[in-house]
Structure formats: structure tokens, C-alpha cells
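Enquirer: Sequence:
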Amino acid sequence: MAVATSTTVDNRAPRPAVPAPRGRRRKGPNRFTPGLLGSYALVLVYALTLVLPLYWLFISAFKSQLDAVDAPFAPTFSSGFDNLTRVWDLLNLGDAMVNSLYITAASLVVTLVIAIPAAYALARSQGRIATLFERIYAMGFLIPGFAALVPTLLLAIQLGMFHTREFMILYLPASAQPLAVILLTQFMRTVPQELEESATIDGAGRFRVLRSIYLPLTMPGIATISILNFISFWNDYLYTLVIVGPNAKVRTLQVALPTLQGNQGITDYALVCAGTLISVLPVFLVYAVLNRRMENALVQGALKG
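Take the sequence shown: its position 7, counted from the start at 1, is 7 in the UniProt record's numbering, and no numbers get skipped.
No wet-lab data here; the hints were simulated from the structure.
One or more hints might be untrue.
Simulated restraints, written as ranges between beta carbons of each label pair [as the list claims (entries may be wrong)]:
| id | residue 1 | residue 2 | range |
| --- | --- | --- | --- |
| 1 | Gly80 | Ile143 | 25 to 31 Å |
| 2 | Pro151 | Ser78 | 48 to 54 Å |
| 3 | Asp89 | Ile143 | 57 to 63 Å |
| 4 | Thr190 | Arg128 | 21 to 27 Å |
| 5 | Asp95 | Arg206 | 52 to 58 Å |
Cβ atoms here follow ideal geometry from the backbone N, Cα and C, with glycine treated the same way.
Please model the complete structure; the sequences and the hints are all you need to start from.
Expert: Here is the structure:
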């Protein structure tokens, strides 16, 4: 007996898909809230307070004395490069520039030569003695700079180094050790100790470990210390004036520039701005070379913090 089977074919057209009802779209955060606009306004005001003095300094260095007073913010450039050449010859800034570079560069080298091994020793030492030495370094922040002026002067006289540049090369690194050692110690503590242990197993000594492992990994911190100390050493005025003196053969740029003050308080501000512009150029050059490493150091510190 044959069983008949039948299949039913649905010839109806498929129904179009009905889109699901859309819910309410979530509004994104408003990019221009009153608080954000206020923050931008404060940043703009702060930027202007930094840029405007630099702008005035730059354009005034190329103006005549009359234009520097009558139109302080107008970019007239009426004097051209005459102010730069006049102040260079008037104050003998060539010798002053050499003296400043000599004192600053030598002091910076001495600072790093002393601070790097000291920071390495503190970073890898443990116990009460290491903590005691670190606190002694930190106590250097509590001594005001002007408070040590008279003892430093007496020491320079006793050593027979009064009115010499070499005494400043000894004093400036000593005054910079607290900041340099404490900051470099924190950088060196971020280096994994396993790297030092591996190098020691391979036969590397302490000096090789410091030179091959710690120096490359802490280079952002060293760059930060270099920039901060370069600015401090270059701009030092009080100690340089008292210890080195105003002699044109040994004085620095910072000591030479105030001699532009005229009789009866009359000062050519255009010449002062020209001399100041010459004095700040090395600082900008050093910062332009090392600023990337300094920014990396700040970013690394923020991430690890």
C-alpha cells in the first residue's frame, strides 16, 4: 500500500524585518562646560604672564632707548642689532660669557660625578645607616642660601681662593648635592634589582653595573638634574659677586649686566634687554637639547607614582 506524502510550500513573500525601536541616545559629555572654559581661561592667562615678558624682552633688545620706553610692546625693531653689539663691546661680554660657561660647566660635571655614585649607594643600601645618610642629605634643603654666605666667604679667604672662579666650582656642586642625590636616588630605586644580580653573576663589578645598567636607565633623571643645576649655576649672582668679584677678567654675565645702571638712576633699558637676551640664550639652548629627556622623566614618575 503506497502512502502519499504531500509537502506544503509557503509561497508568501517574507516579511520585512522590523527595526527594533531605538532607545534614547545617551548624550555625550559637553565639551564646553563652564568649569572647562574657566580652566582654559586660567591656562591662557598663565601662558600670557609667561610669554609677554619674553616678548617684551626680545623686541626691546632691538629698539632704541626712546622706543623701548614710549612703545614697549610695539615691534618696531628700530635699532636692529646695534644694541647687541654695543652691549657686547661695552661690558666685554665675550670674557664674561667664557667665565660663566667655565664655572657652570665645570660645576655641573663635578655635581654629577659626586651625586651619581652617592645616589647609587643610597639606592642599593639598606639599614639604618643608609637611612641616616639620606636624611642628612635631605637636611640640606633646610639651610637657606644666604645663611651660608659669610662662612663660605671666610672659607674662601682661608683657602686662599678668594676672588677666584675655582672656588665657585667647589661651592656650587656642594650646594646642589641635596637635590641631585635625593632625586637621583629615587630614579635608581626604580631600576629592577634583578638586572644588577644578572650582571653580577656574569662577572660585572660595581662600576660596570653603574655604568652599563644604571646610567642608561636613569638618563632622564640625570637630564633633569643637569637642566635644573645648569639654570641655577648660570643665574647665580650673590655668591658669584661676593666670591669671584666684579673684576672684568673673572666676572660672569650675571655680575656684568647690573653695571649697565647709569648715573643718577638713568638706565638704557634697550641695552639691558639686549644684554639679558644674550645671557638667557645658553639656557634656552640647553633646555632645547635636554627637554625631551626631562619630559620623559616627569612622565615616568607620574606613571610609576
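Enquirer: Lying within 52 to 58 Å: is that true of the beta-carbon distance Asp95 to Arg206?
Expert: Hint violated: Cβ distance 42 Å, outside 52 to 58 Å.
Enquirer: Does the Cβ pair Pro151, Ser78 satisfy 48 to 54 Å?
Expert: holds, 49 Å
Enquirer: Looking only at beta-carbon atoms, does the pair Gly80, Ile143 fall within the given range of 25 to 31 Å?
Expert: Hint violated: Cβ distance 47 Å, outside 25 to 31 Å.
Enquirer: Just to be sure I understand the hint, the distance between the Cβ atoms of Asp89 and Ile143 should be within 57 to 63 Å; is that true here?
Expert: violated, 41 Å
Enquirer: Take the C-beta atom of Thr190 and the C-beta atom of Arg128, compute their distance, and say whether it sits inside 21 to 27 Å.
Expert: For Arg128 against Thr190, whose Cβ atoms are near 23 Å apart, the range 21 to 27 Å holds.
Of the numbered hints listed earlier, those contradicted by the structure are 1, 3 and 5.
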